[in-house]
Amino acid sequence: MQKYANPTRFMKIADAVLPWLTTATVILFVAGLYLTSVAPPDYEQGHTVKIMFIHVPSAWLAMMCYTIIAASSVGSLIWRHPLADVSAKTAVPIGVAFTFLALVTGSLWGKPMWGTYWVWDARLTSVLVLFFLYLGLMALWQAIEDPSRAGRSAAILAIVGFVNVPIIKFSVDWWSTLHQPASVVKMSGPAIHSSILIPLLVMAAAFTCLFFVLHLRAMQNEILRRRVMAMRLLQVERAANVEAGAPAE
Amino acid sequence: MFGLGPHYGFIFASYAIVAFVLAGMIVWIAWDGRTQRRLLAELEAQGVTRRSKRHGSASADPDAVFSGSDK
Amino acid sequence: MKEFMSLVRRDLLLSWREGGAIGTALGFYLIVVAILPLGLGPDLNLLSRIAPGVLWVALLLAALLSVDRIFHNDYEDGTLEALALGPLPLEAITAAKCLAHWISTGIPLTLTAPVLGLLLNLDAQAFAVLVLTMLVGTPAVSFIGAIGAALTLGLRRGGLLLSLLVLPLYIPILIFGVSSVSAVISGPSSFTASFLILCALSMASIVLAPLACAAALKLNLQ
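Protein chains in written order, with the numbering used here: chain A, 1 to 249; chain B, 1 to 71; chain C, 1 to 222.
Just chain A, same shape as in the assembly (with noise of 0.2 Å):
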């Protein structure tokens, strides 16, 4: 365990990937464009539908962002792990930019769906709901100032919310029932037509791979800030034992 606890090798292992993934997720993202653009409409939604192909994968990731924030969390409370705590930090910022483009891409679609660009439906709901924990999670991390207290505070708000993810859910389902008894607009009847099937789910995965890329690339970036403020304070410590007049190593 401790083997693949080792910052150092996670760059090694980083480095070695980032190339391949970035590739994958260009390639993925110009195949899942053109297929976005030669779609056919919808008979129901029209053109709109294509807003489909980009808000689907973002509320994904969302969701998934959590997740992974949560497990991360976990890592960094029970094992100490210092990269899952690098983890937990990271995807943050990502997983905030992801919900954001959920909500008003949704809100988007949903003008020209049901004539507002907000309706309280339960799935609409349930992701602004996520959007704020996300942001009570960028909070805390930015208000503890010692690194490691505010990692292991929001490792454990982190587990709190993902604890209450599904509870928040199911009332928000539960609420949305007794007031809109279903008047809303099916999102897209029974069963996916392939012809949207497809796009979607090429998107989904360039949209998966591109964040994947993100989070490495944003790790790596936290490993090396957390080196140079170790370097740093080594810096003054030595200065400081030279000027005690006492031999620097």
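Simulated from the structure, these hints should not be mistaken for laboratory data. Quick caveat, the model's predicted, so the values are computed rather than measured. Mixed in with the good hints, there may be bad ones.
[Stated by the list, open to error] Derived DEER-like restraints, expressed as beta-carbon distance ranges:
| hint | chain 1 | residue 1 | chain 2 | residue 2 | range |
| --- | --- | --- | --- | --- | --- |
| 1 | A | 229 | C | 27 | 43 to 53 Å |
| 2 | A | 26 | B | 20 | 16 to 26 Å |
| 3 | C | 85 | B | 17 | 47 to 57 Å |
| 4 | C | 160 | B | 13 | 24 to 34 Å |
| 5 | B | 8 | C | 221 | 58 to 68 Å |
Glycine residues also receive a C-beta, built at the ideal position from the N, C-alpha and C atoms.
Please arrange chains B and C on chain A, whose structure you already have, making use of the hints.
Below, chains B and C without anything else, positioned relative to chain A:
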């Protein structure tokens, strides 16, 4: 317009905002990486080594790390 | 168990002697509910329709004001550290403090709610149910709020951060609290189902929240 029906504005707006946010994130992470690597190189050029570091998780020096954890 | 009860008694006595905090929470509750008709207009039909929701939302906000005090004073003067060294596990200490907070804040707020219901023209048959659901729901408000209080202990602007962390976690309590009250008023949905889920949520938070609180407090007491 562009064969996208009456709601082309919403379609373009959503693709534009996704492109903008994702590009912003890519640029920010790339820039951050360059900054950290440059800072690290500067510190190393000043002769600060981390071989004598006693605590902390991030040991860059491969020899120091592997003699500690692998053998 | 004896230590647990004496800790609860001590906290209750302290909050009784201190006095000001619960007064502030009750005053806040009153002013929020009173200011709403001024914004919405005095239409009694509208007010009675939204009364359960308004009373619940305002109760959550008022409780939130006092939640950060669960650990604050004991943390500042070092009592919390002394307690942590004592015979009780940290989980039991937090549970005792949350229980004391519920008795000293949750119950008074619950008892104020029907009075404020009069201001909002709350349906006559809903008063008993309102008090019942709030009595069941407010323990969860104290216990979940304590997680936020423990995480933000000793931080500058901790109170603001606390509301950002805790309010999303209150959403299920709010939804089931309001829906069981409105089920009695306007009907189609079942009161029993909402109410039982509210009970389940409350019990789950009483069991689980002390674990998270204790973990968060350990970080602060190191």
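Against the structure, the hints come out as follows:
no.	hint	verdict
1	A:229 to C:27: 43 to 53 Å	holds, 47 Å
2	A:26 to B:20: 16 to 26 Å	holds, 18 Å
3	C:85 to B:17: 47 to 57 Å	holds, 54 Å
4	C:160 to B:13: 24 to 34 Å	holds, 33 Å
5	B:8 to C:221: 58 to 68 Å	holds, 59 Å
Of the numbered hints listed earlier, not one is contradicted by the structure.
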